[in-house]
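From just these sequences and the hints, can you work out the full model?
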Amino acid sequence: MGNVLVLAEHRQGELRDISIEMLALAPSVAEALGGEVTVLLLGSGVDEMAGKIAGHGVKVLVVDDPLFADYNSDKYQKVLSALIDEYKPRLVMLGQTAQGADLAPALAVEKKLPFVPDIIGLEVEEGVIKATRQLYSGKVNAVVALKEADTGLVAVREAAFEAPDPVDAGAVEKIDSPLKEDLDYRKFVEYIEAEIGDVDITQSEILVGVGRGLKEDKNLPIAEELAELIKADLCGSRAACDAGWLSDDRQVGTSGKTVQPNLYICMGISGAFQHVAGMKGAKTVVAINKDPNAPIFAEADYAIVDDLLKVVPSLIEKLKELKG
Amino acid sequence: MKMFTCIKYVPDTSEAEVKLNAEGTGVDSSRFSYDINDADNYAVEESVLLKEKYEGDVTVVSIGPKSSDVMIRMAMAKGCDRAIRIEDERIADHDPLMVARVLAGAIKDQEFDLVFTGCMAEDYGQAVTGVALAEILGVPHAAYVKKVEVEDGKVKAHRELEGGLREVVEISLPAVLTIQTGINEPRYAPIRGIRQAQKKELKVMNLDDLGVPVEEVGADASLVVLEKLYIPVVESKAEIIEGDPDEKAEKLASILVKGGLV
Numbered sequence: 000m001g002n003v004l005v006l007a008e009h010r011q012g013e014l015r016d017i018s019i020e021m022l023a024l025a026p027s028v029a030e031a032l033g034g035e036v037t038v039l040l041l042g043s044g045v046d047e048m049a050g051k052i053a054g055h056g057v058k059v060l061v062v063d064d065p066l067f068a069d070y071n072s073d074k075y076q077k078v079l080s081a082l083i084d085e086y087k088p089r090l091v092m093l094g095q096t097a098q099g100a101d102l103a104p105a106l107a108v109e110k111k112l113p114f115v116p117d118i119i120g121l122e123v124e125e126g127v128i129k130a131t132r133q134l135y136s137g138k139v140n141a142v143v144a145l146k147e148a149d150t151g152l153v154a155v156r157e158a159a160f161e162a163p164d165p166v167d168a169g170a171v172e173k174i175d176s177p178l179k180e181d182l183d184y185r186k187f188v189e190y191i192e193a194e195i196g197d198v199d200i201t202q203s204e205i206l207v208g209v210g211r212g213l214k215e216d217k218n219l220p221i222a223e224e225l226a227e228l229i230k231a232d233l234c235g236s237r238a239a240c241d242a243g244w245l246s247d248d249r250q251v252g253t254s255g256k257t258v259q260p261n262l263y264i265c266m267g268i269s270g271a272f273q274h275v276a277g278m279k280g281a282k283t284v285v286a287i288n289k290d291p292n293a294p295i296f297a298e299a300d301y302a303i304v305d306d307l308l309k310v311v312p313s314l315i316e317k318l319k320e321l322k323g
Numbered sequence: 000m001k002m003f004t005c006i007k008y009v010p011d012t013s014e015a016e017v018k019l020n021a022e023g024t025g026v027d028s029s030r031f032s033y034d035i036n037d038a039d040n041y042a043v044e045e046s047v048l049l050k051e052k053y054e055g056d057v058t059v060v061s062i063g064p065k066s067s068d069v070m071i072r073m074a075m076a077k078g079c080d081r082a083i084r085i086e087d088e089r090i091a092d093h094d095p096l097m098v099a100r101v102l103a104g105a106i107k108d109q110e111f112d113l114v115f116t117g118c119m120a121e122d123y124g125q126a127v128t129g130v131a132l133a134e135i136l137g138v139p140h141a142a143y144v145k146k147v148e149v150e151d152g153k154v155k156a157h158r159e160l161e162g163g164l165r166e167v168v169e170i171s172l173p174a175v176l177t178i179q180t181g182i183n184e185p186r187y188a189p190i191r192g193i194r195q196a197q198k199k200e201l202k203v204m205n206l207d208d209l210g211v212p213v214e215e216v217g218a219d220a221s222l223v224v225l226e227k228l229y230i231p232v233v234e235s236k237a238e239i240i241e242g243d244p245d246e247k248a249e250k251l252a253s254i255l256v257k258g259g260l261v
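Protein chains in written order, with numbering that gives the first Met the number 0: chain E, 0 to 323; chain L, 0 to 261.
By construction, these hints were calculated from the structure, which means they are not laboratory data.
Possibly wrong hints are sitting among the right ones.
What the hints assert, rightly or not - Think about it this way: if two alpha-carbon atoms lie no more than 16 Å apart in a straight line, the pair counts; the simulated EDC-like pairs of lysine to aspartate or glutamate are:
hint: 1; chain 1: L; residue 1: K146; chain 2: E; residue 2: D164
hint: 2; chain 1: E; residue 1: K51; chain 2: E; residue 2: D164
hint: 3; chain 1: L; residue 1: K227; chain 2: E; residue 2: E122
hint: 4; chain 1: E; residue 1: K129; chain 2: L; residue 2: D151
hint: 5; chain 1: L; residue 1: K236; chain 2: E; residue 2: D300
hint: 6; chain 1: L; residue 1: K146; chain 2: E; residue 2: E194
hint: 7; chain 1: E; residue 1: K317; chain 2: E; residue 2: E194
hint: 8; chain 1: E; residue 1: K289; chain 2: L; residue 2: D243
hint: 9; chain 1: E; residue 1: K51; chain 2: E; residue 2: E20
hint: 10; chain 1: L; residue 1: K1; chain 2: L; residue 2: D108
hint: 11; chain 1: E; residue 1: K317; chain 2: L; residue 2: D243
hint: 12; chain 1: E; residue 1: K173; chain 2: E; residue 2: E47
hint: 13; chain 1: E; residue 1: K279; chain 2: E; residue 2: E161
hint: 14; chain 1: E; residue 1: K186; chain 2: L; residue 2: D151
hint: 15; chain 1: E; residue 1: K87; chain 2: E; residue 2: E20
hint: 16; chain 1: L; residue 1: K250; chain 2: E; residue 2: E316
To be verified - Far from chain E, by Cβ distances over 10 Å, these chain L residues were calculated:
hint: 17; residue: G55
hint: 18; residue: E184
hint: 19; residue: Q195
For clarity, every value in this text was computed on a predicted model and none was experimentally measured.
Think of the CB as a built atom: it goes at the ideal place given N, C-alpha and C, for glycine as much as any other residue.
Okay, here's the thing in structure tokens:
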């Protein structure tokens, strides 16, 4: 059998986008393997979510049980393990997310599955499943083949594929939970919402973003002066926030904020996919970076390959002259 | 509290051009500068902070070449007590499940309360080793940890989720935590620590010393095959602004002002 089992992901009552994004890949892979796509949804009171997924023309298996109200690696692993034994899917797909990366490696070890994490491409060549993934922050791509096995496992990068439009109604089937009682190996305690800072960068018209290329916090005034001059707010990459140059609420990316300014000037930011995913909504992007191959240039409208510490002070002077 | 902290020696490619080697089987690493993986640096700090708070000791475990001893000594200078460096060419080190098995071989027969890893390595970016290690050791785990609270044989781990949200989970010890960057402020090694680190034990072991059969961690054991590497083309629609830094700045200023962007 060449069936593909896709694990849907949801949080706080919302289906997460990755669940549908994976359906951009799954049908063609299932077809090449001679099987069908089934989406597995574990949750509590998730009829609406199940309907939404089924609207993409796939079969949805639902385990509806209060035990699955919140994600729990231990319970998810038990259920997936049991369903892999029962349904023997040729391939299991889940998201390379805070959830998927917390779950997939343990499942791969337990079930001895060929496993490729964080994939950005998936093909079947002469019956062999091959995944494409990135190394060195996107500077090298690798094609990784899964050795022959009953079941393989891949974790799909978020926002790497466009979610397909709904097509027609598939079927929803409720199944009994393979988990008969709660487990106390790991306990979900609570969610803690992000702290709200002094500025909401998701609403900013102009943003100046800084990354690792700023080198040290004594260079921050360069970015601050530019931002003040053009009435922009400051934001940054994970590296800039980790270094303490900016508070965490100024972080742009998958684990921070999604921004949509008219103008985004990013300096010393290499453009790791996590950052890029948070800035896709920017209308005009100016990128300044020393490395001509920095992935950020793929997102840019205007590109300057140079040292920001040389260009930006000069830019400030020129802007002052022009703006009087 | 007995702790193990797993670290990796990785090239800094953030501003470096990466090229493939002549055979196309790996990257040309001759011009890279190497240091501790960023997330692992935070893992070292977190283990040393817990050691200072609860007493105990930290053993560093790393798979890597002799040149990585300088990184290992630095971790010991910051407060880790001893180290095991595993060097063996037979390890299929592109596969994090094999790497996790080797690390488990160094830890499994010893007493431990917590094992730390970075949540992801900058070079291969797989975010797999720590969670796989927990499964092999048969202990609970939490990934992408941004805060650690230990009490009564349990640990409350604050996991970083998407969009700035955090999830608090409670797991019992012993456990494996994969540490996210930004959890703490990694210290600089004090001079005294650097001197002391030279006297601390750094054991170099291979698979035979660890008692890990090559059949379990070599290329044949790995269930994935690295078929091909290639350099992706960065397709940019950007207008490239040329000139010396001042000329570039002047042209950009003009574009921004005349285009009504600022």
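Structure versus earlier hints - violations, ascending order: Hints 1, 4, 7, 15 and 18 are the ones this structure does not satisfy, whereas the remaining hints hold.
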